[in-house]
Amino acid sequence: MNRRLLFLLPLATLALMAGFFAWSLLAGRDPASIGSVLVGRPAPRLEVKALRDDEPPLTDALLRTGKPTIVNFFASWCTPCLAEHPLFTRLATRDGAVIVGVAWKNKPPEARAWLKRLGDPYKFAGADLDGRTGLDWGLSGVPETYLVDGQGIVRRHFRGPITERDVNETILPFLKGAK
Amino acid sequence: MRTVAVLLATLLLAWPALAVEPSEMLQDPSLESRARDIGRSLRCVVCQNQSIDDSNAEVARDMRRAVRERLTAGDDDQKVFAYMVARYGDYVLLKPPFKAGTWALWLGGPLVLIVAGGLLLMAARRRKPIPPPVPLSDEEQRRLDALLKP
Amino acid sequence: MLEFLLALLTTVTVGALLVPLLRTSARRTERLDSALQIYRDQLAEIERARADGTTPETEAAAARIEVERRILAAANAADAATPKDSSALHRFLPPALALLIPLLALGVYLNVGRPGLPAAPFGTRPAADHPNPNEQMTPERLLAEARARLAQQPDDPDALSALGEALVLEADGSVTPEAIEAFNKALAQRPDDPRAHYYLGLHEAQSGDSKAAVARWQALEARSPPEAPWLPMLRAEIARVSRAAGMPAPQAQTGMPTPTRDQVEAMQSLNPEQRQQAIRSMVEGLDLRLKENPGDRAGWLRLANAWRVLGENAKAADAYAKADALGPLDTKTLTDWAEAHVRQIAPGAPPPPEAVAVLERLEKAEPRNALALFYLGAASFAAGDKPAALRRWKTLLQLLPADAPIRGLLEERIKAAE
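First to last, the protein sequences are chains A, B and C.
Residue numbers in the first sequence follow my numbering, run continuously in steps of one, and reach 179 at the last position.
Residue numbers in the second sequence follow my numbering, run continuously in steps of one, and reach 1150 at the last position.
Residue numbers in the third sequence follow my numbering, run continuously in steps of one, and reach 2418 at the last position.
Bound-form chain A, shown alone (with noise of 0.2 Å):
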């Protein structure tokens, strides 16, 4: 071997690192993203308590009707939750998504307080005070979002916030797609 060439060799790994490195930075690619082994599976059981006063408890047959549903996993205490409640009062109102809320971790009266200031978008809402659900549906943290379709099959699930180009890329097309 080309003496020579051995000096290139820790230059060329340097490269190839540095190379990685600008790909990770600018493909967009989060390295904290643990994706979701739930999509294309039915959808975890779904038993909770109602959040309001007397409203039957939440079953899996509301994931079953035929309609598409979105499964939204809040708290009053969740600042991103405030950020895309927004989103979610547009989509029940102006797009009439049928829109199941969970207050996760949250005492039932701040929960219901913090939608009576905001508003309520959810067609049905429960309250997964110890978290069992939660973790049944793989959940990391609020907020999450689930788009459920009309057999019970997860399409997607989003940690975090959704945003306004999740609304118009994949919310909205689901919608209108999955009937």
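In case anyone wonders, no lab produced these hints; they're calculated from the structure.
All residues carry an ideal CB built from backbone N, CA and C; glycine is no exception.
Misleading hints may appear alongside valid ones.
Unchecked claim - Restricting the straight-line Cα-Cα distance to at most 35 Å, the calculated cross-link-like pairs of lysine-lysine (DSBU-like) are:
| # | chain 1 | residue 1 | chain 2 | residue 2 |
| --- | --- | --- | --- | --- |
| 1 | C | 2185 | A | 116 |
| 2 | C | 2322 | C | 2291 |
| 3 | C | 2332 | C | 2415 |
| 4 | B | 1079 | A | 49 |
| 5 | C | 2185 | A | 123 |
| 6 | C | 2332 | A | 176 |
| 7 | A | 123 | C | 2211 |
| 8 | C | 2211 | A | 67 |
| 9 | C | 2415 | C | 2386 |
| 10 | A | 107 | A | 67 |
| 11 | A | 105 | A | 116 |
| 12 | C | 2322 | C | 2386 |
| 13 | C | 2291 | C | 2185 |
| 14 | A | 116 | C | 2211 |
| 15 | A | 176 | A | 105 |
| 16 | B | 1079 | A | 107 |
| 17 | B | 1095 | A | 105 |
As the list claims (entries may be wrong) - Only some residues are given here: those of chain A computed to face chain B with a beta carbon under 8 Å:
| # | residue |
| --- | --- |
| 18 | 37 |
| 19 | 105 |
| 20 | 109 |
| 21 | 110 |
| 22 | 131 |
| 23 | 135 |
| 24 | 138 |
| 25 | 141 |
| 26 | 157 |
Take the given structure of chain A and dock chains B and C to it, following the hints.
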């Protein structure tokens, strides 16, 4: 000797603190120790590189509780891992399984070691013995003498 | 005292840097001497090891030659370096740098800095700059104040949008339904209330309609006076929201460039005629840029306003029409546009059709607008629709204060129509 003892004691105090709270622990010591073993190999999904036993995150607490519930219900360790993988994917395992997507992770280290070792060996074999030094020429000797003259 | 300390510090620092720079050549020979000392010690060490038999004879000889060659190499390096040291570059570089850098710094400071700015010690600053922390404006307090004002005047647009703002602050920046209601009520009273438009735009951005938000904000920007305190924040928000929504960045303000201090001073030294000329050339420059970049709605509005102020009413009306094609206009702008049209009308003549179109839009937006009522009345009269003319003029008459100078003219016209 006493200083050494004190130092050792201080070192022992510096072990990472477990986040497992006494109220979470199981009565049965053997089940609890299995729960600890499992907890150490499960990743807290919101904290990058901490096991659920080390993490104070809400989710980690829920996961510890779920591990103990599964164990109390009679699941073996494999079933508990499968339960977590079904919800959070392979990401939740601190020791990833060997499969198509992870071979580079498992084989990369040994591969680099073998290649680097081979190269070093080759370089050592090729090394020629050092030739005896050429003595100084007369002119050089004169200059040296001039320099070293105090 | 402080200046003296600063000067002292600077001198010490420059000195510490300068001394080694100037002394390099002296240092080099010193360095060779100390190197030679080390090599001498090494040679003695080798000799000792050979003498007591720890190093074999052949190895000691090789080590000796190695060290001797190093000595020769060090001496060669020192010889080669010495003449270079005395080169012109090395002699003149330090003083040149020492002179150049402070001069450069002074130049930059005079250009960017404000040497004449008086000191502003904390104690003498006006109280507004450092409000008493106990009197901080909490959302609760703002809310209570706005509610108290509304209890007295339920329709006050200022109080209504203050209430909305307090509600938004209370909700950590989220524009709640209750706040939206307050802003809409404020707009019903005053259609171009900037605060209400700002927060309604924010609501549009929060609920996933960034396009509407940016359009609303740009309209607000276009009709805000240039010194409006909310403009910097508004522009930052427009940039933030359009970036977040992946929209093309808002076109750079094609508006008149903010004149620099020099330009303002130069402008003040001109006589009124020359000044007018300078302003005209700036406006014409804006006109040219807009012809190349006709999608800049805010720019067209600015141009229209400039032409109107300069009395070029036909050009102003054209620019308003261009802006109108790019987005809806608010009442204030419609009024300005209509004004640009009616100022071109000869005294006594009825308004031409394009003016009538704008006036009708204005009347629709604001049924009790005096300008629209007067000139649309004239148009109706000219078209032979006397009842419509009378209805408009009589409405206007009721709106006018008793001492309005136009009253007489209007009463005359009404009489003529009857």
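Practice task
Find the hints from earlier in the document that the structure breaks and name them by number, from lowest to highest.
Solution key: As far as the earlier hints go, 6, 13, 20, 21 and 26 are violated by this structure, in ascending order.
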